[in-house]
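Chemist: Take the numbering used here: the final residue in the sequence shown is number 466, and no numbers are missing along the way.
Keep in mind that a hint or two might mislead.
[What the hints assert, rightly or not] Derived pair list, reagent style EDC-like, types lysine to aspartate or glutamate, alpha-carbon separation capped at 16 Å: (1) Lys451 - Asp358; (2) Lys459 - Asp372; (3) Lys451 - Glu461; (4) Lys436 - Glu396; (5) Lys459 - Asp373; (6) Lys417 - Glu391; (7) Lys451 - Asp360; (8) Lys417 - Glu396; (9) Lys417 - Asp372; (10) Lys438 - Asp408; (11) Lys438 - Asp457.
[What the hints assert, rightly or not] Between beta-carbon pairs, the in silico distance windows are: (12) Glu454 - Asp432: 30 to 40 Å; (13) Glu456 - Asp420: 24 to 34 Å; (14) Asp432 - Met349: 35 to 45 Å; (15) Ser435 - Asp372: 15 to 25 Å; (16) Pro422 - Ala463: 29 to 39 Å; (17) His393 - Asp372: 11 to 21 Å; (18) Ser435 - Met349: 31 to 41 Å; (19) Asp432 - Arg394: 17 to 27 Å; (20) Asp372 - Glu406: 29 to 39 Å; (21) Asp420 - Asp360: 23 to 33 Å; (22) Pro452 - Asp420: 29 to 39 Å; (23) Asp432 - Pro455: 31 to 41 Å.
Simulated from the structure, these hints should not be mistaken for lab results.
All C-beta atoms in this analysis are idealised placements derived from N, C-alpha and C, irrespective of residue type, glycine included.
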Amino acid sequence: MAPTLLIVDDSDFQRTMVRQAVEDDFEVVAEASNGAEAVEQYENHRPEAVTMDIMMPEMDGVEATSRIKSGDSPPVIVMVTSVDQQSKMKQAVKAGADGYVTKPFEPEDVKAELASVL
Numbered sequence: 349m350a351p352t353l354l355i356v357d358d359s360d361f362q363r364t365m366v367r368q369a370v371e372d373d374f375e376v377v378a379e380a381s382n383g384a385e386a387v388e389q390y391e392n393h394r395p396e397a398v399t400m401d402i403m404m405p406e407m408d409g410v411e412a413t414s415r416i417k418s419g420d421s422p423p424v425i426v427m428v429t430s431v432d433q434q435s436k437m438k439q440a441v442k443a444g445a446d447g448y449v450t451k452p453f454e455p456e457d458v459k460a461e462l463a464s465v466l
């Protein structure tokens, strides 16, 4: 059975790009457009993996990662972020991020990074 995945990004286009990159290897159980939705969708679906944008409205990806990782049996979280967000990426690693992919990405990059941390 394919691992389950939550896709989090405030851009519909980016969520679609991630979905298309991974849908052959993962079961996408939910999507979220901000960090608050990400925490809620994680609680509802308990996926094995999450792709997480950093810069989002309401709650950023660093805070959402921290909240999701604080629970029992947390998922792996791969940050999908712009190259110019290196200081935020360091914060995300401290919050518990397991890996990252920089935008723009190749579909193989997302799959390979998820596979390396699962």
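Chemist: Between His393 and Asp372, is the Cβ distance one that fits in 11 to 21 Å?
Modeler: 20 Å, holds
Chemist: Look at the Cβ atoms of Asp432 and Arg394 and judge whether their distance stays inside 17 to 27 Å.
Modeler: 33 Å, violated
Chemist: Using the beta carbons of Glu454 and Asp432, state whether their distance is inside 30 to 40 Å or not.
Modeler: Once the Cβ atoms are compared, 19 Å apart, the range 30 to 40 Å for Asp432 and Glu454 is violated.
Chemist: Assess, step by step, whether the Cα of Lys436 is no farther than 16 Å from the Cα of Glu396, and give holds or violated.
Modeler: Violated: Lys436 and Glu396 sit about 23 Å apart, past 16 Å.
Chemist: Measuring from beta carbon to beta carbon, are Ser435 and Asp372 in 15 to 25 Å?
Modeler: This hint is violated: roughly 34 Å between Cβ atoms.
Chemist: Regarding the pair Lys417 and Glu396, is the alpha-carbon distance no greater than 16 Å?
Modeler: Holds, at about 12 Å.
Chemist: Check whether the Cα positions of Lys417 and Asp372 lie no farther apart than 16 Å.
Modeler: Given that 16 Å is the threshold and the Cα spacing comes to 26 Å, the pair is violated.
Chemist: Would you check the hint for Lys438 and Asp408, treating anything up to 16 Å between C-alpha atoms as holding?
Modeler: Roughly 14 Å separates the two Cα atoms, so the pair holds.
Chemist: CA of Lys459 to CA of Asp372, is that 16 Å or under?
Modeler: 10 Å, holds
Chemist: A range of 35 to 45 Å was offered for this pair. Does it hold for the Cβ distance of Asp432 and Met349?
Modeler: 38 Å, holds
Chemist: Note whether the CB distance of Pro422 and Ala463 lies within 29 to 39 Å or breaks it.
Modeler: 18 Å, violated
Chemist: Does the Cβ pair Pro452, Asp420 satisfy 29 to 39 Å?
Modeler: Roughly 35 Å apart at Cβ, these two residues keep to the hinted range, so it holds.
Violated hints, listed in ascending order, are 4, 9, 11, 12, 15, 16, 19, 23; each of the other numbered hints is respected by the structure.
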